[in-house]
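Taken in sequence, the protein lines are chains B and P.
Heads up: the first sequence at position 578 corresponds to 578 in this note's numbering, and the numbers run straight through without jumps.
Heads up: the second sequence at position 20 corresponds to 20 in this note's numbering, and the numbers run straight through without jumps.
Distance condition first, Cα-Cα at most 27 Å in a straight line; then the derived DSS-like pairs of lysine-lysine: (1) Lys571(B) to Lys34(P); (2) Lys232(P) to Lys387(P); (3) Lys33(P) to Lys533(B); (4) Lys379(P) to Lys336(P); (5) Lys533(B) to Lys571(B); (6) Lys232(P) to Lys127(P); (7) Lys143(P) to Lys205(P); (8) Lys33(P) to Lys450(B); (9) Lys447(B) to Lys33(P); (10) Lys571(B) to Lys582(B); (11) Lys450(B) to Lys34(P); (12) Lys146(P) to Lys205(P); (13) Lys447(B) to Lys34(P); (14) Lys127(P) to Lys102(P); (15) Lys205(P) to Lys379(P); (16) Lys533(B) to Lys447(B); (17) Lys571(B) to Lys33(P); (18) Lys109(P) to Lys232(P); (19) Lys387(P) to Lys294(P); (20) Lys34(P) to Lys533(B); (21) Lys205(P) to Lys102(P); (22) Lys450(B) to Lys533(B); (23) Lys387(P) to Lys205(P); (24) Lys334(P) to Lys379(P).
Derived by calculation from the structure, the hints in this document are not laboratory data.
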Amino acid sequence: MDHASHDASDYAPPNELGEMELYHPKTFLGKYVWSQDAKVIAIQYSITAIAIGIVALVLSWLMRLQLGFPNTFTFINPSNYLQFVTLHGMIMVVYLLTALFLGGFGNYLIPLMVGARDMVFPYLNMLSFWIYLFAVLLLCASFFVPGGPTGSGWTLYPPQAILEGTPGSREGIILMLLSLMCFIVGFTMGGLNYVVTILQARTRGMTMMRLPLTIWGIFTATILALLAFPALFVSALMMLLDLCLGTSFFMPAIVSLGRPGEHVGGNPLLFQHLFWFFGHPEVYIVALPAFGIVSDLISVHARKNIFGYRMMVWAIVIIGGLSFIVWAHHMYVSGMNPYFGFFFATTTLIIAIPTALKVYNWVLTLWRGNIQLTIPMLFALGFMFAFIHGGLTGLFLGNVTVSVPLSDTMFVVAHFHMVMAVAPIMVVFGAIYHWYPKMTGRLLNVKMGKIHFWVTFLGTYAIYLPMHYLGFLGVPRRYFAIEGTSFIPDSVQYLNATITMAALIVGVFQAIFLYNLVWSYFRGEPSGDNPWKATTLEWQTEHTPPIHGNFGESLPPVYRWAYDFSVPGVKEDFIPQNVAPKDVVYENTPTTPHGTRAS
Amino acid sequence: MDQTISLTFWVTGIVFVAVNLFVVFCIVRFRQKKGSRAAYEPENTKLEWWLVGLTTLAIASMLTPGLFVWANFVNVPQDAAIVEAVGKQWHWSYRFPGQDGKLGTTDAKYINDQNPFGINPSDPNGKDDILISHPDLHLPIGKPVKVLLRSVDVLHNFAVPQFRAKMDLVPGTLTYIWLTPTREGAFDLLCNELCGVGHYVMRGKVVVQPEAEFTTWLNSFPTYAQTQLEQKGDLQLGKASYAVCAACHGAQAEGNQALNAPKLNGQGEWYLRRQLQNYKIGARGTHDLDVFGKMMAPMAATLPDAAAITNVSAYINSLPDTRAPAMVKGNAGKGKDLFNATCSVCHGATGMGVQATNGPRLQAMNDWYLVTQLNNFKKGIRGNNPKDMHGPQMSNVAAFLNDDQIINDLVAYINTLR
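With the hints as extra help, turn the sequences into a complete structure.
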């Protein structure tokens, strides 16, 4: 008996719900286009998200070209600059990161990791992707309407978002708001799938506390999404009504550009509260899946159980819960009642505690581990450096007084890029290098991976580290140009140019990753079913890539938690979740010719 | 405030270095080697609770002073003086309460070109409010002041980095910051909340000076009552003054390219007055490279006082509006996109000029003159004089017109406006 294992048991309870009936498509369109297989849907989400993400990446280059080399490029002017800023932000946060983590990774990994054949509502799941795609197309359409897309900042604050004086204040913002509303509808459909599948379709023996942290992260993030997105939905609808029907939810009586406005009685702060009630959980919707995934990456590639699994689960849940009561830390200088600052600074700094705990546990997982410096591990380590940095700068911004001089400066931009962009993207890359073999049966090329990692990691640090200094100097964000002040030294221009060069180089080098994805599909080293010797169920399928229905004749029973690595006395340094204690091979156990325990 | 920032910096800095070093140590020490195997320790509750406890202490050590400083930030001293900063796209202006110490009430419905602050005409408290319609605010050193923040259109943010305090201006509400300036000097004021295309050029200055100089400065501005009494210009007197100008600008103020004198008829009175004033005080026309501006400066000096300026401006404005001939060649199609994206917001969709945004009329004026002025703004030949209150904004804007072609395209489009 392996007493050494954390929670292994020979007993797996019987299957309560019975088998799920799946729709088996016969045609090419049915299998790969209108697919109800969560794995295909996941790939559809991922390709769409990455494609629109590349658009947003190019927009960021355009912004950086202006900031690094002001007044050099004739195709960049103060108006389209704001459009670049806005679309870059909105696409990255919502259409790339949220879609990729929940729609991409969620769809692929949830059924496999919980031991289900597919999501519980496969048709709804399929619809959710097509609605997401429609939302993306609506957003792209805003580039082609008169006036172009909205230039109000990704935060879309009224009154300026719907007034002349801001680009895209008519057709552009209408399409943006409609696109967001569509996105939310689609993600509610997807979200219901993820939550219910995790709660109801776990295979026998898979208790909630045996789920890998990837699932806990995605699960909690999905609950956050289901509760938070409605706030964005209503605020988008209210802004549309203000613009199109003359209501005054957010619009007070004003005189803009010499002309009296048509509205009276509204309050712009209402929008900000609604937006950030969504907006703060949104950042955790992106971060929590990243936290979960990186825990699994570190664990597998250090051959060591994640340290403090129970506390890690609690931390994810507590962070999720607390994320709903910190939103106004985005509004410290908004003009809201200043006494709110006391409350929100306190809750914000409290949320730092479970977050710090997670960081300690990742680090303690490395302690006395057996660290394989594989590409996924490199990216996981990159995540840790970036997140530690970004999380600590969050303490400046969370503390209300310290936040005031730093609000609306490049310090904020540097902070949120570190925690929302650099850290999660490290996880995205690490996760793709990790799960690509499961999806395709081949390993991604290691040489290309190393170049990709080092340029991305060092490059993104080179971009965002100096930016903190710019913020401390007082350089504001969303400024087309920062000429004409007396307190900003000329050397800032050199810093801006360096940041731009780093950004362009990092951007261009992502081509290596894209090339690797395609090249390795055809010429990559075959990986076998479980190249990383991981314990979770997705690696225990009979086929690689897994077929429709994921597992073979019967669903695997689960006998242990997801982290039995390097269990003392056991021959292999890992025990898959679906291996019962009686089948474990010990170092001194006689084995049959098949390598199983001789009884 | 600064101490809390430093404390946060040191606490986070130490944690950053310590944790990162530990990570590096682990990577090196526990890297996979032949025969190595990881330890198996699912959890260590005691250690985790210790870490939570220490973290809580560190967090509390930053939050506590932070909240005390915030209490200071929020509570305005009883003896603070009052000033109101008014933000609109894309300018700052200010209002002091005057002798009675009270600001008059305001409302959006009262705002027009003659009453840009929107002061309620029937509120007696407003009559003696001192109005500063340009972006430089002066404050007396050492005296606490509460800056009331009012926006007439969209969200803005009053931010002077050296003051550390900043706050959004929210239309429909009144917000505030308070401070006691402790250092003399001129500090840049920046808008810190995206407010449209002109956000990055919504600038001003806050000048901190000894009280006596501050009082002198303050008294040089009109009260609201005085601004409402401003006479309309006397056309007869204006015509007499204009005789001097006609020599270069033409009898009908139609302009004369050979003499480098632009068309003036059709231009807004407010703008003519402002430019004459600027020439007179040396805010314009003093730069070495401003060849033609330097010729204009002594001409403005022939107008002895503000009344004379008002009169001649009124007279010019009364002349019939002629159309200047189009001479500049450019791609009006490209110019149109650029104009609509960036210029129309201040100068009007048809280039007729908008007083509220300080954008003069461009339509049907001399195109060669527009080209010269755009170049002058771009190169800092015009608009950079410290006495020029509104020029710096245009100078900052023109900076992005980075070649002659773009300027020609823009002006070619302006020529098509009707």
